Amino acid sequence: MHTMLKMTAAALAIVAANTGSTFAADLSGDFKIFLDTSNPAPRATMEKMIGDFQTLHPDLKIETTVIDREAYKTQIRNFLTANAPDVATWYAANRMRPYVEAGLFEDVSDLWAEPAIADNLASTKGAMTIDGKQWGVPYTYYQWGVYYRKDIFDELGLSEPTNWEEEKANCQKIIDSGRKCYTIGSKFLWTAGGWFDYMNMRTNGFDFHMDLLTGQASWESDEVRKTFANWRELIDMGAFIDNHASYSWQEALPFMVKGDATAYLMGNFAVAPLRDAGLTDDQLDFYQFVEINPDVELAEDAPTDTFHIPSNATNKEAAREFLRYVASADVQTWINDGKNLGQLPVNAQSSVDKDKFLEQGFEMLSTNSPGGVAQFFDRDAPAEMAKVAMEGLQEFMVKPDNLDKILSRLERARGRIYKN
Amino acid sequence: MCPSSPVSIDTCYVKRQAMADAGAPAVSQHNKPVKNSWWHNNQQSMTPWLFLAPGILFFLFYVIFPIYQSFSLSFYSWDGLGEAEYVGAYNYEELYWDDAFYTSLRNNLIWLVMYLFAIPAGLFIALFLNQTVTGIRLYKSLFFFPFVISQVVVGLVFTWFYDPTFGLLNYILGGVGIPPINVLGDENFVTYGIIVAGLWPQTAYCMILYLTGLNAVDPEQIEAGRLDGAKGLRMLWHIIIPQLRPATFIAFVVTIIGALRSFDLISVMTNGGPYGESRVLSFYMFEVALSEYGFRMGYGASIAVVLFLIMLVFIAYFLWSMYQEEKAR
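Note that the protein sequences, when read in sequence, are chains A and B.
Quick note on this note's numbering: the first sequence kicks off at 1192 and runs consecutively.
Quick note on this note's numbering: the second sequence kicks off at 11 and runs consecutively.
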């Protein structure tokens, strides 16, 4: 890996010299980076970015470790305490709380006081803040929404819906044509969390949703019941593919590719595999999740991925410099473009790549999400609650009649989990 | 003296002890001058302990100590990162109210009972393969094959087999006009579906145990039984199976242990789902303590304690029956 990094670094020396002349080049020592970007494309992007950083700081001995994304989620606990790198990737909001509270993440409020970050990353400051301090910097985020088969919509004479009635009318026509409206794979639960996020934010609004996920609202309240009643309308129509509890989100993709299902409520990362599977941009399109209750403002899910400095890091000076580098507008522009991560840059000075989904997502998040921007079900709720709740959501999707039992179970879990 | 004499080591040891107790410097009576060091006097009694020491140390450090730690941790609330807080029996109280715990416990019992099916199945295949035909070695290795491949691969193969849309199982069922079954997505079938996958390698394991056992069956007794007119099932039940008792015992032990630590198949095939219906205690423990959303080390430890107590019942039974056997000799 070292030689590969060096080669990349050498190849990019000229480019980097132009973009990064403002950075100090006097950093030295060992510098360990742990990444969870294990998929091939993000991995290459990260290695290229680190290569550029190496060129800027030739005296730094950078060592990059890429860990499988799922394994990373459990390993982070070990390496933060025992064998801390200098920089590590993670997620924003409540998902970082356990490590912040255990004192394993470094307070980087000083970086957030610098104008370059304070002015340009202000939109995510809230998601990075716990106890009034900031604990990392974001490098990318992505929109959620409904990705659908435009060709099938055209065939059936449907147009993008904007409200709940249209959504259901569309869905009925799709079902009548022998297809399913939505594909979903709920084996790993979180996909059901995405549906609940939208159903609840559209029914009761962003603020209630946050109250619920932070334990201030009851799972047995009328508001929550209303959300599930709306959701149940789709379930009773047979809108979702059968047997979704057996599939991961990737295993649910073929239903959409083959045209057995027409839409997928997903994050923008679903676009790449759908394109790889042969869907062209003419066949694939995106719309914002429809309005359900006209009285609440639209709010969106846009999970943010972040870089942090572990408290046990040894080269914190270099780590801070790396965070500044990752947060800078130029870097965020190119790492998020369509050839790399294919997501949205957080830095307000960055530009969004010419990609139909990124452009639509960027516009949606910047102009049509007045209610607020949520991270995601399992990032906004504490891990323990997220697990119990998402299991309940999956059960609800398969057995909607069990709702009362599920809600009372979640309410009991709420009493236990949030009591401290 | 002792080592060259035909008496067993034990008797030899006793003899020496007796001599040492009598205060006689028995060993060094002739030739060399008396060496009265402690080591010299206790050599015989210390040597076995010295040989055992590495094993005992590892056992203490890697088995006994963690058991103690699990027990003590189960009285704390700890997220694995911060300070542990003593909560008394709270974790056990939580277990008492936890539906997921009972689901896991029930599944553990189903595993225990169903998994034992591997023993008669293994015996049957072993009897079937215990003959001399051309290529029997090949057949034996083919039957043994599932035990060699990793549990993860077994899990994946069965997941595809069960796949509700593209799987072979539903293809076959469809052929005879039965509507498709989503084995791994149905809370009533899922545990049985996983157990069937687990039985595949476990049967192969029992088969191998019985095949070696069958080699040791005394042909004279079979001959004698035949003279007395025993055939077929009577022969099997009264002559063969009693002689296979050691193999059965081992097969029983490994199957029970295999059933109690069924983890990898569940993790690969369903990840505990649908909605936690296929969890067993070991998987649930992993989930609450160590998985992506797990931050409850104390709670996980209390599940581990319950699992340990269940295992202890079997371990005690195994030890007791081994002891009885030793005594009978």
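It is possible that some hints are incorrect.
[As the list claims (entries may be wrong)] Below, computed lysine to any residue pairings styled on SDA-like, alpha-carbon distance capped at 20 Å:
id, chain 1, residue 1, chain 2, residue 2
1, A, 1324, B, 92
2, A, 1264, B, 271
3, A, 1590, B, 92
4, A, 1610, B, 198
5, A, 1596, B, 198
6, A, 1264, B, 198
7, A, 1264, B, 196
Worth flagging that the hints you see were computed from the coordinates, not collected in a lab.
Quantities reported herein were computed from a predicted structural model and do not represent experimental measurements.
Q: May I ask which of the numbered hints given earlier this structure violates, with the numbers listed in increasing order?
A: Of the numbered hints given earlier, those the structure breaks are 2, 3, 4, 6 and 7, listed in rising order.
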